[in-house]
Amino acid sequence: DAGVIQSPRHEVTEMGQEVTLRCKPISGHDYLFWYRQTMMRGLELLIYFNNNVPIDDSGMPEDRFSAKMPNASFSTLKIQPSEPRDSAVYFCASRVAGVETQYFGPGTRLLVL
Amino acid sequence: ELKVEQNPLFLSMQEGKNYTIYCNYSTTSDRLYWYRQDPGKSLESLFVLLSNGAVKQEGRLMASLDTKARLSTLHITAAVHDLSATYFCAAYHSGGSNYKLTFGKGTLLTVNP
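Chains A and B, in that order, are what the protein sequence lines are. Counting in the working numbering, the first sequence runs from 55 upward without gaps. Counting in the working numbering, the second sequence runs from 84 upward without gaps.
Same shape as in the complex, but just chain A (with noise of 0.2 Å):
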């Protein structure tokens, strides 16, 4: 299996800008988790779906924010409009019911210029 699959794996963007991060998780697994790592803040779980459904949202940061999962192949989190305070690095993980392990991707950096 290739694992979980994050796109792009660097984005540099000017503020005001509208920023689209791309995952796809491990086939067959149902639960999809969005996180935010900065080294102030450390690593914070903005949002999570199980089968494509938004479970807990409560760690996203404000409206600017948004995450959907059209599949279970894909999820997208967006930023409009971006902010310099948005810089960070976003992984996404995913986990299949019955196993205890979330599996993280590599990564996307954000730096908002």
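Simulated from the structure, these hints should not be mistaken for laboratory data. Keep in mind that a hint or two might mislead.
Listed below are the simulated DSSO-like cross-link pairs for lysine-lysine, each with C-alpha atoms no more than 27 Å apart in a straight line [what the hints assert, rightly or not]:
| # | chain 1 | residue 1 | chain 2 | residue 2 |
| --- | --- | --- | --- | --- |
| 1 | B | K188 | A | K132 |
| 2 | B | K100 | B | K183 |
| 3 | A | K132 | B | K139 |
| 4 | B | K183 | A | K122 |
| 5 | A | K122 | B | K124 |
| 6 | B | K139 | B | K183 |
Remember, predicted model here, so these are calculated numbers, not experimental data.
Please build the complex by placing chain B on the supplied structure of chain A, with the hints as guidance.
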């Protein structure tokens, strides 16, 4: 709200020495996870501890869980340079169907020759 605290946050040790990283969590949780992250890389699952008294070992690393004390430890035996990385513990909110993981700040381990 579940809080997870690791200590120390920074650990510099010599090859061949032993040391322990501690992970305390604030509310009931019966599942505890340890992850490793190399610089600029993703998170790799090391251990999943599912019950009080659980102990797991892999090579020079051994993890244990005491749910009554709300404490997990990661013990390093005879450290080698390859173990240099950041180690995270994470705990689940107990009960219900919420699969929200809360991570500690991480322990940056440097093993010196």
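Hints versus structure:
This hinted pair checks out: K188 of chain B and K132 of chain A have alpha carbons roughly 25 Å apart, not beyond 27 Å. About 35 Å separates the Cα atoms of K100 of chain B and K183 of chain B, which puts this hinted pair outside 27 Å; it is violated. With a C-alpha separation of about 39 Å, the suggested pair K132 of chain A and K139 of chain B falls outside the 27 Å cut-off, and the hint is violated. With a CA separation close to 18 Å, the supplied pair K183 of chain B and K122 of chain A stays within the 27 Å bound.
This hinted pair checks out: K122 of chain A and K124 of chain B have alpha carbons roughly 25 Å apart, not beyond 27 Å. Taken as a hint, the K139 of chain B and K183 of chain B pair is honoured in the structure, with Cα atoms around 23 Å apart against an allowance of 27 Å.
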